[in-house]
Amino acid sequence: MNDVEREAATPSERPRVLAALGFERRPMVRWLSPPILVAAAVRVVASELFGQYADKREFEAALDPQPGPPLTYGEQDADEDGALWIDFVADLGDGFDATYAVASLLASPRLELGGHVLPRGRALIMGGDQVYPDPTREAYEHRFRGPYRAAFPWTDRRRPDLLAIPGNHDWYDGLTNFMRFFCGGLDIGAWRTRQRRSYFAVRLPHRRWLLGIDIQLDTYIDAPQLAYFKAVGLAPGDHVVLVTGKPSWTKVERDHVPDSYKNLRYFEDEVVRAAGAEVRLTLTGDLHHYARYSAEDGSQLVTAGGGGAYLAPTHLLPAALTLPEGRPTYALQTTYPDRAASRRIARGAWALPRLAPDLCAVVAGLHALLGVSLYAGLTSGDGWFALFALLALVLAAATFGYCSVVGRLRRALAAAGHAAAHLALACAPALVATQALGAEGVAGGVLVAAGSAVSGFLLGGVTFGVYLILAHPFAPGHANEVLACQAIPDHKNFLRLRFGADGVTIFPVGIPRVPRAWAPAPDDGTEAPYLRPVGHGLEAQLIEEPVHVPDGHGKPVAGPVAEPIATPAGGG
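Going by full-length UniProt numbering, the residue at position 9 of the sequence shown is 9; the numbering climbs one at a time, nothing skipped.
Check before you lean on any hint, since a few could be wrong.
[What the hints assert, rightly or not] Each pair of labels, with its calculated beta carbon distance range:
no.	residue 1	residue 2	range
1	E80	E545	20 to 26 Å
2	G417	V534	42 to 48 Å
3	A227	G417	51 to 57 Å
4	R194	V534	32 to 38 Å
5	Q541	R327	45 to 51 Å
6	V432	V394	22 to 28 Å
7	F23	P476	34 to 40 Å
8	T176	P512	35 to 41 Å
9	R327	G417	25 to 31 Å
[Said to hold, decoys possible] Below, a list of computed lysine to aspartate or glutamate pairs in the EDC-like style, where the Cα atoms sit at most 16 Å apart:
no.	residue 1	residue 2
10	K262	D222
11	K251	D218
12	K230	D161
13	K230	D269
14	K262	E325
15	K262	D218
16	K230	D173
It should be emphasised that the hints constitute simulated quantities derived from the structure, not laboratory data.
Even for Gly, the Cβ is constructed at its ideal location relative to N, Cα and C.
Whole structure, please, built from the sequences with the hints as guidance.
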């Protein structure tokens with residue numbers, strides 16, 4: 001018995017203090033922090049190089065030339081009613097509170113929600129982005145494996161399996177640590193990893209399949225991966241649940257089809273439909289919310305990226321999907337949080353000085369430079385006006401380059417308004433000091449610098465936040481940032497799926513509020529989570545009534561939202 005098996009076979013001593021957990025409880029990533037922004041830019045460039053020159057998927061096939069038959073679940077894996085249960089989660093491994101809260105519910109032997117008893121899944125499927133912001137070994141240990149082990153340390157019953165596909169954050173190191181944690185037999189608490197590659201196929205009862213594909217940063221689906229899936233044994237009449245890394249369908253427009261959607265469609269046509277099978281349900285993450293699109297033929301496109309990462313908006317999702325010719329029309333049925341709540345949450349970005357103090361410190365520095373150069377020009381001569389003009393041009397260029405508002409004129413107006421607001425705030429202390437107070441010399445310069453810095457941090461930060469609030473309905477990039485800057489741990493979600501003889505039933509589980517304080521539970525049972533919430537408990541609910549997806553072409557039995565959600569005037 002190796003160390004991994006020994007750890008799983010015997011329960012570990014339960015920690016009595018937080019320091020004995022064996023990992024660091026890390027906070028949510030602050031995405032508008034300048035160091036994080038710079039590192040993210042470097043990661044994107046590096047990942048492009050990895051994608052082009054160091055595609056680990058080619059090595060996966062070389063190291064696993066004979067993958068053998070796919071993982072198969074049968075009657076022995078079903079409950080007393082003959083149904084197989086599988087869990088799905090995506091976009092985890094961020095702040096401890098949210099990640100651990102979701103993991104604790106996934107580990108629970110059963111959940112009783114809305115009059116339904118939902119047993120723990122025979123397998124846990126992870127849909128990408130298992131760690132943020134970098135896929136380092138330390139990040140995987142502290143942000144992912146540690147919290148999941150603490151949530152489900154041991155069981156004396158049959159251990160559930162764990163399978164995962166990589167997201168873009170897992171790909172930033174070329175899959176090096178993803179392969180180490182998910183493809184090398186390393187257990188995650190009581191969950192057993194069961195794959196050798198970054199993609200997988202699982203044979204389910206009643207002629208169903210679960211296929212997890214690796215879309216590799218939207219470039220292409222490699223030949224070994226296609227060969228793997230073509231060889232698993234799909235047959236005419238089989239039904240496929242497809243797991244992919246991002247909801248590329250939300251980016252499809254009449255005059256633009258993104259590469260990620262082309263790759264997804266190519267896989268469905270080349271592998272699934274070519275075998276005579278059909279995709280009835282597609283699951284994904286990447287966007288950190290819950291959203292379900294339904295077609296008239298009963299097919300479902302479900303985004304469930306609520307495993308722990310910052311909340312993403314739902315109020316800007318398209319009400320209907322305009323997919324390429326030959327595809328059914330999908331209508332948005334349910335979102336979590338709902339659109340009104342998402343819109344309300346977005347308005348919290350005005351508090352940017354509290355949410356992103358280091359970014360506001362950079363704004364304060366720029367305001368101080370502008371204020372001092374203007375003060376020097378007003379009191380010492382024209383030479384300083386040149387510096388002031390140069391700094392003003394830098395500000396204008398920065399705001400224009402940052403602005404992601406769609407439309408040339410609209411973008412120019414938004415950037416100009418944003419720059420003008422900062423320029424006015426930066427200049428105000430110098431104008432007050434010279435025109436109203438008659439300040440001169442070094443003392444006046446110090447006063448102006450301090451005033452510009454303070455107003456830049458507070459009022460400049462608020463201005464930045466208000467800009468995001470006003471611009472984000474018209475700017476795809478800002479739509480993400482307006483909530484990312486807030487690092488909201490609440491409104492998390494995952495899926496519990498029931499595979500019965502009559503089809504698949506989706507139970508979407510939501511967590512309205514994540515606990516912020518935890519205490520050791522050393523005297524709880526060996527299977528219980530190491531920590532329990534302090535104060536506010538860990539409460540879950542069904543996001544909507546269960547959605548039944550029958551086999552064949554028939555409408556699903558949906559939840560309480562039966563009609564497509566209308567898009568309000570003005571785009572949300």
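Hint by hint, work out which the structure violates, then give me just those numbers in ascending order. Structure breaks hints 5, 9, 12 and 16.
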